[in-house]
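Chemist: Residues per chain are reported as follows:
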Amino acid sequence: MTQRMWKNHELKKNYDVVIIGGGAHGLATAYYLAQLGITNVAVLEQKYLGYGGSGRNTAILRSNYRTEEGIKFYDQSLGLYEDLAGELDFNLMFSRQGHFTLGHSTAAVSGLVTRAENNKALNVDSYILDPQEIKKMLPEIDITDHPRFPVHGALYHPPGGIIRHDAVVWAYARGADRKGVQIHQLTEVQDIIVDNGKATGVVTNRGTVSCNTVISVVAGWSSEVCKKVNVKLPFVTHPLQALVTQSYKPWLNHVVVSGTLHIYLSQTDRGELVCGNGIDTYPHYGMRSTLGFLESYAAHVLELFPVLHNVAVQRQWAGLCDMTPDYSPIISPIDEINGFYVNGGWGTYGFKAAPASGYNTAQMVANGKTPEMIEPFRYNRFAENRLVGEKAAASVGS
Amino acid sequence: MEIIVPIKQVPDVALNIKVKDGAVVEEGLSYVISSWDETALEAALQITEDVGGEVTLLTIGPEKAAESLRKGLAMGAHKAIHVKYNEAKQTDSFAYAKILQKVLEGREYDLILTGKQAQDTDAGLTASMLAEFLGLPQVTNIIRFSDVSEQSITLYRKGDHATEVLEMELPGVVTVNDSLNEPRLASMRGIMMAKKKPLEEIELDAIGVSVEMSGAQGSMTEVLQYDKPESRKEGKSFEGDETETVKQAMELLVSEAKFLA
Numbered sequence: 001m002t003q004r005m006w007k008n009h010e011l012k013k014n015y016d017v018v019i020i021g022g023g024a025h026g027l028a029t030a031y032y033l034a035q036l037g038i039t040n041v042a043v044l045e046q047k048y049l050g051y052g053g054s055g056r057n058t059a060i061l062r063s064n065y066r067t068e069e070g071i072k073f074y075d076q077s078l079g080l081y082e083d084l085a086g087e088l089d090f091n092l093m094f095s096r097q098g099h100f101t102l103g104h105s106t107a108a109v110s111g112l113v114t115r116a117e118n119n120k121a122l123n124v125d126s127y128i129l130d131p132q133e134i135k136k137m138l139p140e141i142d143i144t145d146h147p148r149f150p151v152h153g154a155l156y157h158p159p160g161g162i163i164r165h166d167a168v169v170w171a172y173a174r175g176a177d178r179k180g181v182q183i184h185q186l187t188e189v190q191d192i193i194v195d196n197g198k199a200t201g202v203v204t205n206r207g208t209v210s211c212n213t214v215i216s217v218v219a220g221w222s223s224e225v226c227k228k229v230n231v232k233l234p235f236v237t238h239p240l241q242a243l244v245t246q247s248y249k250p251w252l253n254h255v256v257v258s259g260t261l262h263i264y265l266s267q268t269d270r271g272e273l274v275c276g277n278g279i280d281t282y283p284h285y286g287m288r289s290t291l292g293f294l295e296s297y298a299a300h301v302l303e304l305f306p307v308l309h310n311v312a313v314q315r316q317w318a319g320l321c322d323m324t325p326d327y328s329p330i331i332s333p334i335d336e337i338n339g340f341y342v343n344g345g346w347g348t349y350g351f352k353a354a355p356a357s358g359y360n361t362a363q364m365v366a367n368g369k370t371p372e373m374i375e376p377f378r379y380n381r382f383a384e385n386r387l388v389g390e391k392a393a394a395s396v397g398s
Numbered sequence: 001m002e003i004i005v006p007i008k009q010v011p012d013v014a015l016n017i018k019v020k021d022g023a024v025v026e027e028g029l030s031y032v033i034s035s036w037d038e039t040a041l042e043a044a045l046q047i048t049e050d051v052g053g054e055v056t057l058l059t060i061g062p063e064k065a066a067e068s069l070r071k072g073l074a075m076g077a078h079k080a081i082h083v084k085y086n087e088a089k090q091t092d093s094f095a096y097a098k099i100l101q102k103v104l105e106g107r108e109y110d111l112i113l114t115g116k117q118a119q120d121t122d123a124g125l126t127a128s129m130l131a132e133f134l135g136l137p138q139v140t141n142i143i144r145f146s147d148v149s150e151q152s153i154t155l156y157r158k159g160d161h162a163t164e165v166l167e168m169e170l171p172g173v174v175t176v177n178d179s180l181n182e183p184r185l186a187s188m189r190g191i192m193m194a195k196k197k198p199l200e201e202i203e204l205d206a207i208g209v210s211v212e213m214s215g216a217q218g219s220m221t222e223v224l225q226y227d228k229p230e231s232r233k234e235g236k237s238f239e240g241d242e243t244e245t246v247k248q249a250m251e252l253l254v255s256e257a258k259f260l261a
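Residue numbers (our numbering), protein chains in the order written: chain A, 1 to 398; chain B, 1 to 261.
No lab work stands behind these hints: they were computed from the structure.
Predicted model only: the values in this text are computed from it and were never measured.
Partner residues aside, some chain B positions facing chain A, computed with beta carbon under 8 Å: (1) G28; (2) S30; (3) E67; (4) R70; (5) K71; (6) L185; (7) A186; (8) S187; (9) M188; (10) R189; (11) I191; (12) M192; (13) K195.
Taking lysine-lysine pairs in the DSS-like style, the calculated list, with each CA pair at most 30 Å apart, reads: (14) A/K47 x B/K233; (15) A/K232 x A/K369; (16) A/K227 x B/K18; (17) A/K179 x A/K12; (18) B/K233 x A/K12; (19) B/K236 x A/K12; (20) A/K135 x A/K249; (21) B/K197 x B/K98; (22) B/K228 x A/K47.
All C-beta atoms in this analysis are idealised placements derived from N, C-alpha and C, irrespective of residue type, glycine included.
With the hints as extra help, turn the sequences into a complete structure.
Modeler: Below you can see the structure in the form of structure tokens.
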């Protein structure tokens with residue numbers, strides 16, 4: 001077996017830091033920890049790298065959020081993504097093509113105006129377009145009053161785009177590996193050892209490992225990992241489905257999102273349309289694809305783009321989203337257990353956050369102090385009633 | 001040309017199928033149209049696009065089987081018949097063929113086109129039995145067809161050293177090999193339209209299928225248990241230059257595998 005990308009290792013008995021979860025966030029955390037000189041680190045992945053949300057998303061990048069906390073954080077992430085291909089020496093196929101969030105009512109457009117103003121105040125490029133301006137940039141869109149929910153306007157965000165999600169996972173993995181981090185696939189954490197209120201190790205299917213720090217970076221499985229240490233955080237896991245069509249000649253060079261119609265789509269460099277919906281309405285850990293999703297997606301997307309009627313659906317899949325009440329993540333040390341950190345609550349918006357999430361988590365663990373950037377995402381914000389409400393900007397409804 | 005395409009909904013074999021206590025674990029299974037039946041549907045669609053007519057999908061199965069019918073309708077079938085049935089586990093090809101006979105008696109059709117076997121049982125008996133019960137000619141396992149008319153169809157079947165070319169009078173039963181075509185993918189419009197296409201639901205007693213004819217009672221064989229095939233043992237790799245590794249491999253083939261004893 002070639003080990004060109006990252007090496008296989010025997011599981012050691014001791015590490016300084018154990019990261020549970022080999023997705024983009026876990027691997028980014030490992031990479032940035034190593035950059036800070038902490039290299040005795042193990043990334044433990046129950047399946048294969050990118051098995052979870054990192055391999056099941058629609059790879060959309062943007063920072064046009066609603067709250068000050070959200071906008072700053074996602075903008076830092078987008079900034080890190082900009083330089084990532086060079087830094088990791090890996091072609092990530094970042095395609096900065098601009099991002100439309102459509103509004104289908106006066107109320108929706110006024111919500112988008114708020115976002116545009118909040119974005120501008122923080123130097124994030126976002127502005128409102130009227131239907132004729134939208135039509136100029138998206139000639140195939142139907143802006144007549146024929147659709148049930150006609151297009152009233154859009155929030156346009158030029159820095160938004162798409163990236164190759166697998167490549168991000170692999171590049172971070174290789175980057176971390178080259179700096180001395182050990183990556184262990186097919187290594188399932190079965191228990192977390194807590195001694196006198198301190199996390200001291202993990203039990204895996206390949207043996208027990210002792211360590212000083214355990215970081216849970218498992219997104220959709222966050223509740224399950226937290227359950228092992230009796231920490232109850234407000235994560236509720238829902239499936240989110242997506243589909244990809246056959247390849248077509250390039251016709252769509254922007255990301256298009258409609259919250260009202262619960263859909264989004266973009267076209268990859270290979271020509272496929274990558275399409276997603278809102279989360280399934282019921283909490284579930286099953287990653288099944290349903291006909292109901294296909295029917296709903298087809299009906300809604302044809303309202304906007306009748307031109308797509310002959311487009312053939314190649315494949316569909318589902319991932320897991322750990323939703324939080326305010327649609328913002330939890331990146332936080334857990335006060336009750338010294339040395340245990342949670343990075344989760346990535347809901348439907350995790351992929352774009354991977355660099356900033358990993359960067360700040362690494363800073364938090366290395367310095368023993370939560371960086372200002374992620375202070376708003378501490379878990380006790382729910383008890384203290386200081387939510388970071390991003391539902392309007394983070395999802396396409398549910 | 002009126003074509004009936006009987007399809008079977010089967011567990012998706014691309015996913016890991018678990019077996020526990022002699023039975024298949026239902027949890028986590030996802031269900032699809034048996035792939036040979038999808039090939040038959042594609043062939044039927046091509047025929048009706050060429051000479052006109054309609055394709056009717058037919059399945060016998062539980063509530064969730066309707067999803068496979070909808071997928072077939074999304075691919076382009078014109079209508080569908082769903083025979084509601086919850087005893088699939090105890091049912092063999094004989095009982096299925098008998099029920100299909102009851103559904104089809106009295107209906108008008110020119111051709112019954114289906115997969116050469118189902119992906120779950122691999123028995124390949126239902127279509128042949130159905131042809132016998134209906135008193136129709138049958139040609140199985142075709143790789144190509146041509147010259148379709150209201151009266152007959154020309155069918156090609158691969159033999160060991162030659163291709164058989166057969167002309168069959170219609171109505172008749174044909175089963176297809178998956179080398180016949182590449183089934184089309186459903187389009188966005190097809191998926192949306194599928195909801196509005198006619199889907200007829202039939203209860204067993206409405207077509208005169210008695211309790212004795214269905215399930216275990218109506219079957220001539222019984223599945224005692226399922227076992228998971230043994231997984232292959234880990235292979236052995238040799239390192240070093242060619243002369244050395246070949247020598248090591250030969251030694252093991254003789255001493256351990258007894259392959260060259």
